[in-house]
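Student: Start from chain G and add chain U according to the hints.
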Amino acid sequence: MNTRLRMITDAIVWALSSVFLLVLLATSAEAAAPLDGASAWREECSSCHIAFPPRLLPAASWQALLGGLDKHFGVDASTDPAHGAAISQYLAAHAGPATKSPAASPPLRITTQGWFVHEHDELAPSVWARPAVRSRANCSACHAGAERGQFDEDSVRIPK
Amino acid sequence: MKGILPALLLAACTAPAALAGSAAPLLAALEADASRQVGAPVSGSPSRGDTFFHTRRAEWSCSSCHTADPRQTGRHVITGKNIRPMAPAVNPDRFVDRAKTDKWFRRNCQDVLGRPCSLQEQADVVAYLASL
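In order, the protein sequence lines correspond to chains G and U.
Per this note's numbering, the very first residue in the first sequence carries number 4; after that it's consecutive.
Per this note's numbering, the very first residue in the second sequence carries number 31; after that it's consecutive.
The shape of chain G in the complex, shown without the other chains (with noise of 0.2 Å):
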């Protein structure tokens, strides 16, 4: 019976410091881990408006974007630097192909990219000054799958 209990104890405590160290594991690992570029980018880019999905600007205006978040669109966005680099990998890796802009003056707007007005010429100004649309970066006024990176025509309605 002695004996049964003993390892009956032994068996709690080796499971119990197995546990133990897994979590010191896991806390160290994750304290040491670089930020995940997705997270901090949905996190960061979430905030005021739609985390625009990243291939909607070429690198070099993502690049642009990023260099002046302190006066992003007339607010202060910015970040702490291991966010801001882990958002410029994320934005670098997964970006949309590059224009014929010069390299000097990237498109900092997706709105006023030639595809983007060609999408959307058949719509009048009216339409854009609608309360519940109110600005064009506002994608999920009329596409419901845009925080998702759903864009197709199909599934678009349009606010009244």
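Where hints are given, some of them may not hold.
As the list claims (entries may be wrong) - Below, simulated DSSO-like cross-link-like pairs (lysine-lysine); rule was C-alpha separation at most 27 Å, straight line:
#	chain 1	residue 1	chain 2	residue 2
1	G	Lys74	U	Lys111
2	G	Lys163	U	Lys111
3	G	Lys103	G	Lys74
4	U	Lys111	U	Lys133
5	U	Lys133	G	Lys74
6	U	Lys130	U	Lys111
Keep in mind that the hints were calculated from the coordinates and are not lab data.
Tutor: Coordinates of chain U only, in the frame set by chain G:
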């Protein structure tokens, strides 16, 4: 029982952190940092925070995006995106993460005032929002 009310009133006047609910630890930390910065005891004042929150500066006030009643859902003044309420009583996620609080004071003070907010001002605003 009779002794409790004066004690509570005293606590309300001297230690807003004690009544700040889920924001209490963060408010206490802000007050401690502010005290160190000023070199004298500092406590957040809900009434000063109230005035600060609603005072329009060059272009905006805090309430431009967070609405005059911070228990309501706000709306970003430029993009129109909804902003969840700032008062911890209706949104307990507020003021529990110091890094997040520091980040948004840094950005929004620059936007609204064109300068960083002092720790005293931050403590006042958090004390005000936590008092709602």
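Student: Confirm or reject each hint.
Tutor: Here is how each hint holds up against the structure:
| no. | hint | result |
| --- | --- | --- |
| 1 | G:Lys74 / U:Lys111 | 19 Å, holds |
| 2 | G:Lys163 / U:Lys111 | 18 Å, holds |
| 3 | G:Lys103 / G:Lys74 | 26 Å, holds |
| 4 | U:Lys111 / U:Lys133 | 19 Å, holds |
| 5 | U:Lys133 / G:Lys74 | 15 Å, holds |
| 6 | U:Lys130 / U:Lys111 | 19 Å, holds |
Consistency with the previously given hints is maintained throughout, with no hint failing.
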